[in-house]
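Protein sequence lines, in the order shown, are assigned to chains A and B.
Per this note's numbering, the first sequence starts with residue 1, numbered consecutively.
Per this note's numbering, the second sequence starts with residue 1, numbered consecutively.
Because the hints were derived from the structure by calculation, they are not lab data.
Heads up, simulated DSSO-like pairs for lysine-lysine below, C-alpha to C-alpha not over 27 Å straight-line:
#1 B:K58 x B:K68
#2 A:K40 x B:K42
#3 A:K41 x A:K22
#4 B:K109 x A:K44
#5 A:K71 x B:K49
#6 B:K42 x A:K44
Some residues of chain B that are not near chain A, with every Cβ distance over 12 Å (derived):
#7 V19
#8 S28
#9 E66
#10 T77
#11 P79
#12 K116
Glycine included, every Cβ here is placed at the ideal spot set by N, Cα and C.
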Amino acid sequence: DTAVSQTPKYLVTQMGNDKSIKCEQNLGHDTMYWYKQDSKKFLKIMFSYNNKELIINETVPNRFSPKSPDKAHLNLHINSLELGDSAVYFCASSQTGEQFFGPGTRLTVL
Amino acid sequence: AQSVTQLDSHVSVSEGTPVLLRCNYSSSYSPSLFWYVQHPNKGLQLLLKYTSAATLVKGINGFEAEFKKSETSFHLTKPSAHMSDAAEYFCVVSDRGYGGSQGNLIFGKGTKLSVKP
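Just chain A, with the same shape it has in the complex:
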């Protein structure tokens, strides 16, 4: 019974395309997050949503737009993909500080 799931697991696309990554959690948590992990394994938060409201936006280009249709889902839409967007993107959710992570989506921009 997966707690935090992401689709797709792998995404290969051309520069300039628009793509979305979906995330769902069945833990009943109020807060969800998107992280980017670069090629050196460094993890940095991108967005946080608390009960469908954006509460953190860490200087991410506006080509990235999170969308939360309800508190169990937080999708990440990326416009005009660039080579530097290649990374692993992790979704997470939390209720009291500890965060539960999804399996990650490996995005490769060619």
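Following the hints, put chain B in place on chain A, whose structure we already have.
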């Protein structure tokens, strides 16, 4: 501002020997600290967490960590390494006061643990 520094980017041990992964933190107030593990091509799994209760925290798979305020450290240890422990380990501090009750996780740069047979 909160931050964590993992002192070793790579640690190599032999199977059956002790593991020590070092982490120092910086925090304006009492921190919440975590260790997460990431196995190759996998997501992150919580090993253990410190939230101002006992200073010696026991986690899964035989790992434990000790919070030492005087040294601003939160080192991760395990008495005897197993081959399955080979992974990337992240020390993390939570900035609970920022952005509301949920705070924000700030990750260290990770320590890659290799276990030799």
